[in-house]
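Colleague: So the chains spell out like this:
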Amino acid sequence: MAAALASSVALVVASCGSTATAPSVIPRPAPVPSEPPPEPPPLPWEQPPASPPPIDSPLIAIVGGTVMTAAGETFVDGVVIMEDGRLVAVGPRDRTPIPQGARRVDATGRWVTPGLIDAHSHVGVYAVPALRATADGNEATNPVTAHVWAGDSFWPQDPAISRLLAAGVTTILVLPGSANLIGGRGVTLRLRPGRSVGEMLFHGAPDTLKMACGENPRRVYGERNTAPSTRMGNVAGYRAAFQGAAEYGRQWRDWQHQYRLWHQKRLRYERALDAGIAASPDGGVASPPDDPGPAPAPPARDFGKEALLGALEGRVLVQMHCYRADEMLRMIELGRQLGLRIRVFHHAVEAYKVRDVLAREGIGVATWADWWGFKLEAFDAIVENLALLTEAGVHAVLHSDSAQYAQRLGQEAGKALAAGRRAGVAIDEDQALRWITAEAAWALGIESRTGTLEPGKMADVVVWSGHPFSVYSHVDLVFLDGVLVYDRTRPDPSLVRDFELGLTEPAP
Amino acid sequence: MSRWAHAAARRHRVLRFRRTIRAALLLAAILAGTRAQAQAESPPVLAIVGGTVRTGEGPDLPRATIVVRGERIAAVGPDVVVPTGARVIDAQGLIVTPGLVAVQAPLGLLEIDLEPSTVDASAGTDDPIRAAFSAADGYDPRSTLVAIARTGGITSAVSTPTGGLVSGTSAWVDLDGERVTEAVVQPVLAVHADVTEAGVDAAGGALPSAMLRLRELLDDARLYARRRADYDRRAMRESRVSRLDLERMQAVLTRRVPLVVRVSRASDIDRVLELARRERLRLVLAGAEEGWRLAERIAAENVPVIVTPLHNLPVSFDALASRHDNAALLSRAGVRVVLATPDVHNLRNLRQEAGNAVRFGMDPAAALRAVTVEPARVFGMEADRGRIAPGQLANVAIWSGDPFETTTYLVNLLIRGRTVSLETRQSALLRRYRTLTRSTPP
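From first to last, the protein sequence lines stand for chains S and P. Reminder that position 370 of the first sequence reads as 370 in the numbering used here, one-by-one numbering, no gaps. Reminder that position 67 of the second sequence reads as 67 in the numbering used here, one-by-one numbering, no gaps.
Careful: at least some of the hints might be erroneous.
[As the list claims (entries may be wrong)] In silico SDA-like cross-links for lysine to any residue, where the CA-CA straight-line distance does not exceed 20 Å:
{"id": "1", "chain 1": "S", "residue 1": "Lys375", "chain 2": "P", "residue 2": "Ala147"}
{"id": "2", "chain 1": "S", "residue 1": "Lys375", "chain 2": "S", "residue 2": "Arg271"}
{"id": "3", "chain 1": "S", "residue 1": "Lys375", "chain 2": "P", "residue 2": "Leu244"}
{"id": "4", "chain 1": "S", "residue 1": "Lys375", "chain 2": "P", "residue 2": "Glu115"}
{"id": "5", "chain 1": "S", "residue 1": "Lys375", "chain 2": "P", "residue 2": "Glu111"}
{"id": "6", "chain 1": "S", "residue 1": "Lys375", "chain 2": "P", "residue 2": "Ala366"}
{"id": "7", "chain 1": "S", "residue 1": "Lys375", "chain 2": "P", "residue 2": "Asp343"}
Don't read these hints as lab results, they were simulated from the structure.
Required output: the full structure, derived from the provided sequences and hints.
Modeller: Encoded structure:
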């Protein structure tokens, strides 16, 4: 694979060079030495993003109901209009005309929200049933496995997928586990059941890198008597990995530089040859420049280092599992030394203690409403965490880390909201809804495309039987890219994954 | 016989009496009142006024008053007069329920799961039979988890050992009091077994091994009962079950305590029901993810079931048919359902489980009973706990609204008539960090 990609790069480079060798019979002056060298060849990871395939979805108007946009506004009697995968209009019914020919969905007495986003999922990589054969989430054979991609572990037949969809979740970030310091790249997925991970990709979502601080890596490797077995071992591990990545980046930039020099020489040589050939009848010109020989070979590709380099260069969003306040501060400091930006601290149950710093640094937090105590670093969790973070201006996200928990994100948001209000935090329901929609989208770097009900965004819409934070509310309808993918009253047999066929049966 | 055992035996006799004759309940209340009066000149009188009272039986009582004398409820109803001198708790606009009961959780037996030095929940021996291993011997009333549980309206718990095929003996604890003897109300409450994967693994890895060990245990315990003297003279055939385990199993064989069996798969539930029927045990099923498939049979056998409503994933091959409406289907078939929440650190979420049971079709009143009076009944504590009724201990939760909603919070909690603190380690952390200042510790 590496070799194939490397040779494809070489092909691109070769074709770049050949365009300059068009034969000419007209003598040209030798290039002036000050001529800028040719453009450097592109680096292999600098591919233009593939444009998402066009989406064809019907013109639908969800009419009536309380529309919670997660963009600051709630319309008590609202309208949501969508077509071709996009939201066309969102507003109060009396000021939002419904286009001719729109299929109407009556949401009177119901609630309408954006599709929910789970910023920390192991669905498909730790699939159910939890078996030896389905434990694909931790490549725990080395503390640094930046070269692996969660998408390659993802099992599209995980029965949890359709259950999450039925709970209103439309987008998830599937991450490797936290056994490793650097666990690998995550994959951002659309919960439209597909036959392969490729059919479920969120096209154009930025790459993400899973990292882990604290107890897990030092426990997993410490128990094997290999590094890291301490927190200092953890930090040494990050340092070494990113140092290697920085050097790798330098090798490629050096290569680019060398290539440009070579390319310049090559151009001169070719022109001189051309000129020489054209001038030969007159004879006796200055000797041509030396043949620069073959192009310098690119460095060997290292996909792990490439992912780390992407993180250093900000192309890859760092999703870092880190519970304790002091460790988060340490990671921020280390990041500064390494030139590494952390996008989101995950779990981060002590984030409230350093929310001023997190706000200043622009680092987000993805956490639960109330999980605590399963290990020492989770001992200081408080339910007010999310509300306090929001109050301080931190990007706050309510995540699941569990296929069970992911099915009740609304209830959990309600829980964290209520706790915050009791603590005197002035926070509204829209802000709490943002924890599981807009802010989760921000965590994944897809906030301009989904996460709110605003015109132009992806038509990911959930219609609830009641308030989305109520324990009694069902998800009635889920639209993904404007297509109705779940209807509680009409169970879709195709949502039953292959694995479940013949194993489960409808209730009496 | 230990002091506890004496107390337990006495209580048990009282319990049986109370169960059969309802009038005796009132008498007991009067007696209790008399006892309390003998101890203190006048027991403190407290009145919870104006709330909507969900008693755990019968319809809601709007704008009702609950009078509490000492540790017991003296009166409840819309027309009850507040006694002069009573401390009044204003519950207008609030919902009042019996205190909730958390079951199937090693409460008070651990602090941090991954720190073995803080975990006393499992015997941890190679022997999968640990019937005599007693939660009462490890329960810590000051556990940080206990205070957190209280914030979810939990007033009592069945502190339950984990691990092994027969994990041990649970204790009924009330979540107040700092002394073990105050908190542990019934130290020999039930014996707990596990024939799901974990328990089967402890027995060697195959279900038949687990069933064999269970039958052997019951068989040896019966033999031991008949031939105690021979056993002491070593004239009985050898048993690989320890003497204390054989001794503890007598409570199960005589139906004095239930045998709670954690089981998931429908065929295994069937098998355990059959074993209990043949052995004439007081069986309680726990987990029972596929219980809905045998709802009629379970109802016919009058076996109570402890279920977790939010468990709907096919997490193992034994629980492929897990579904959200398990509790509802069982309840509708007439099974006595008790609801449980799996995370011992968050027993405060029991009410959320109940709300979800309602979402998936369980009757709301049945769901409230399933976290109050049903667990009390299943574990033989219903004479004193589980309802808001005269004579009952005043274990009362006062809520800002519908207790099953996560946006509702607990306003006040009474355990055995005393208002208990809702302070936790977490509320202390919140207070310290509510405002960040330079002096906030790092």
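Colleague: The structure should be examined with respect to each hint, and the outcome stated for every one.
Modeller: Against the structure, the hints come out as follows:
For the suggested pair Lys375 of chain S and Ala147 of chain P, the alpha carbons sit about 18 Å apart, so the restraint of at most 20 Å is met. For the hint linking Lys375 of chain S to Arg271 of chain S, the alpha-carbon distance of about 70 Å lies beyond 20 Å, and the restraint is violated. Proximity of Lys375 of chain S to Leu244 of chain P is assessed by CA-CA distance (about 34 Å); at most 20 Å being required, the pair is judged violated. For the hint linking Lys375 of chain S to Glu115 of chain P, the alpha-carbon distance of about 7 Å falls within 20 Å, and the restraint holds.
Distance restraint check for Lys375 of chain S and Glu111 of chain P: the Cα-Cα separation of roughly 9 Å lies within the 20 Å cut-off, and the hinted pair is therefore satisfied. For the hint pairing Lys375 of chain S with Ala366 of chain P, the CA-to-CA distance comes to about 35 Å; that exceeds 20 Å, so the pair is violated. Among the hinted pairs, Lys375 of chain S with Asp343 of chain P is consistent with the structure: their alpha-carbon atoms are about 13 Å apart, no more than 20 Å.
Consistency note: the structure conflicts with the earlier hints numbered 2, 3, 6.
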